[in-house]
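J.: Okay, here's what each chain looks like letter by letter:
Protein chains: 2
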Amino acid sequence: MGCKQMGKQSIRFENPPIISGAASVVGQKEGEGPYGKYFDVIEEDPKVGADTWEEAEGRLQAEAAELAISHAGLSKKDIRYMIAGDLLGQLMASSFGLIDMDIPLFGVYGACSTMGESLAIASMIVEGGFAEHAMAITSSHFASAEKQFRFPLGYGNQRPKAATWTVTGSGAVVLSNSHRKEEILEKKESEQISAAARAEKGKVKIKGITTGKVVDYGVKDNMNMGACMAPAAGEVIAGNFIDFGYQPDHYDKIITGDLGKVGKDILIDFVNAKGYDISRQYMDCGIEIFGEDQNVQSGGSGCGCSAVMLTGYILKMMEKGEWNRVLFVPTGALLSQVSFNEGNSVPGIAHGVVLERFS
Amino acid sequence: MGCKQMGKQSIRFENPPIISGAASVVGQKEGEGPYGKYFDVIEEDPKVGADTWEEAEGRLQAEAAELAISHAGLSKKDIRYMIAGDLLGQLMASSFGLIDMDIPLFGVYGACSTMGESLAIASMIVEGGFAEHAMAITSSHFASAEKQFRFPLGYGNQRPKAATWTVTGSGAVVLSNSHRKEEILEKKESEQISAAARAEKGKVKIKGITTGKVVDYGVKDNMNMGACMAPAAGEVIAGNFIDFGYQPDHYDKIITGDLGKVGKDILIDFVNAKGYDISRQYMDCGIEIFGEDQNVQSGGSGCGCSAVMLTGYILKMMEKGEWNRVLFVPTGALLSQVSFNEGNSVPGIAHGVVLERFS
Chain Z
9 MGCKQMGKQS IRFENPPIIS GAASVVGQKE GEGPYGKYFD VIEEDPKVGA DTWEEAEGRL
69 QAEAAELAIS HAGLSKKDIR YMIAGDLLGQ LMASSFGLID MDIPLFGVYG ACSTMGESLA
129 IASMIVEGGF AEHAMAITSS HFASAEKQFR FPLGYGNQRP KAATWTVTGS GAVVLSNSHR
189 KEEILEKKES EQISAAARAE KGKVKIKGIT TGKVVDYGVK DNMNMGACMA PAAGEVIAGN
249 FIDFGYQPDH YDKIITGDLG KVGKDILIDF VNAKGYDISR QYMDCGIEIF GEDQNVQSGG
309 SGCGCSAVML TGYILKMMEK GEWNRVLFVP TGALLSQVSF NEGNSVPGIA HGVVLERFS
Chain X
9 MGCKQMGKQS IRFENPPIIS GAASVVGQKE GEGPYGKYFD VIEEDPKVGA DTWEEAEGRL
69 QAEAAELAIS HAGLSKKDIR YMIAGDLLGQ LMASSFGLID MDIPLFGVYG ACSTMGESLA
129 IASMIVEGGF AEHAMAITSS HFASAEKQFR FPLGYGNQRP KAATWTVTGS GAVVLSNSHR
189 KEEILEKKES EQISAAARAE KGKVKIKGIT TGKVVDYGVK DNMNMGACMA PAAGEVIAGN
249 FIDFGYQPDH YDKIITGDLG KVGKDILIDF VNAKGYDISR QYMDCGIEIF GEDQNVQSGG
309 SGCGCSAVML TGYILKMMEK GEWNRVLFVP TGALLSQVSF NEGNSVPGIA HGVVLERFS
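Residue numbers (my numbering), protein chains in the order written: chain Z, 9 to 367; chain X, 9 to 367.
Treat the hints with care, as some may be off.
Identical chains share a label here; the pair holds if one copy fits it or two copies do between them.
[To be verified] Subject to a maximum C-alpha distance of 27 Å in a straight line, what follows is the list of computed BS3-like cross-link-like pairs (lysine-lysine): (1) Lys155 to Lys55; (2) Lys85 to Lys12; (3) Lys12 to Lys215; (4) Lys84 to Lys324.
These are computed hints drawn from the structure, not numbers from a lab. Model, not experiment: these values are computed from the prediction.
Using the sequences provided together with the hints, build the complete structure.
T.: Shown next as structure tokens:
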């Protein structure tokens, strides 16, 4: 089975899991942004009817999870594992938000890269035959994140140009075992492929993953997370090209999580120095999700950011056939209030997921 | 491949990964306890030469990781994935402690159940063919945990009888692809099995896993975590019996993470009510790790507790042939300082790992 392992840090799935359902739930500000019409649910109440910000964030997850399962035409009992994470200490949003799902749970943490991590683990679980269906889900919430990482909202601190705005939202993806490979192996020339395999046409599969390491370039500014994360993203993107033998043109889009405007420039230069020009395909969820007029400085961030852009926009563009091959690279700044107060740098991590449309 | 999936929440590995190396690093108090002689390294300096408690905990992880790799006869570059976690917000000990390993990293969080979660994911990665070798590693530290979850050490608060003492320590396990199954399939009657397969004799394999859900019985006392976790452990243990069709006597030992003295009684009653008597095989790492004279109230806890008891004691007992079949069930209380201060209950989670000795 060693042929699945590509180069130093990648996997190519022999029987790629398909994305059978996805859902995005966002807050009001995200709903008012340029991608508002793509999201499944826009919650006008920032507390989602809860008493605390943390509980509100958990409700976003529960809502996204239920919706993704229904979009997949499944019910809760069909999902064998949930791989869930958020930014809060002890994964409060996932731990409390998903209690009622009654599904075996693996909690994961990779800062804002967590959607990449949860998709990677869910893909391996499905492709390895450990589940027919598994869910990857993450969330973030502006107010719970500010409370935890920065200043009380009531303090009204100023935000520097490099600062990002934590996205309020949750994205959930159901990954399912594809029956394609077996059918293709069994298929005789004259036979039709089954309804199940036909139904996969136009769906998006996870073709592979490139898993990141913790990368520390010594940046200590928690208001400039793009600079902390850009080298981690650059190493994963270049690692993906090397491990799979691809050039940037292989992809219709190369999409990072939340580098923001400052991180974008650093990333493009970083990857250029390794011999790859990704400027044509490059897009960043954090830059896209809010409009110029929304007063968010360098863009959106949080592990909800890439999750809702994936489930709200990217997958829809792929299913429509606008894009066929996408390298999705959620990016994380490994920051805690304690490590920051102790004067530590902010290391970065990123996880690449190769998305491809069945044609 | 569906035959790997057992019942509702378990996997039986067709080609069980073997534990090719393990290491335990503990603090002075753990070293002075009844299992002191079993641990690989006892760090006399609670700060391990670092400036902060969090950095000290990270150093325990780095030390355990290096040692486990060397015990496996491997080098860092052979390890394709690390699955690492700790109790701190944003996994500070893992994020910072493992930077120099330069290995793709999945951060995981399941409170004190994390060693069960990381072993489960690492097993699936190896058995699924995604890596020849993967590492599961966790840590905890008394001082970093008290600082985060309870009171400043200098405050000298009183501890109730039900309280547990967070273990200072890190345990690391290297899981490797077993060549056994293929060899046995290929072997002719007269042939000898290879040196590689022979070397596995006496080693411990991961035969299967039973993955837990978040369970909330409404206990709100963060000084009585055993009561929070016992139902989660009970559901996983009973789930394991049901999914695999086992009776308690199948196992030589059934070992939970850190239920402590209060949690132990609740667990045995809980499982009894489901029709299983586990009192003969039952053991709890938290009860064992400290002596009666060490003033630790209900026992040890933390995701280092089960990790160092596994790597320091349990695996050694199995390799010596004292025990052949063990159900290892690290247990977690999903507690954060924020959720506790907001008046939330403390839900529990537990992850079961079926250990079996190659004979």
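J.: Could you run down the list of hints and mark each one as holding or not?
T.: Against the structure, the hints come out as follows:
no., hint, in the structure
1, Lys155 to Lys55, "within (14 Å within a copy, 29 Å between copies)"
2, Lys85 to Lys12, "between (30 Å within a copy, 18 Å between copies)"
3, Lys12 to Lys215, "both (11 Å within a copy, 23 Å between copies)"
4, Lys84 to Lys324, "within (23 Å within a copy, 40 Å between copies)"
Checked against the numbered hints given earlier, this structure breaks none of them.
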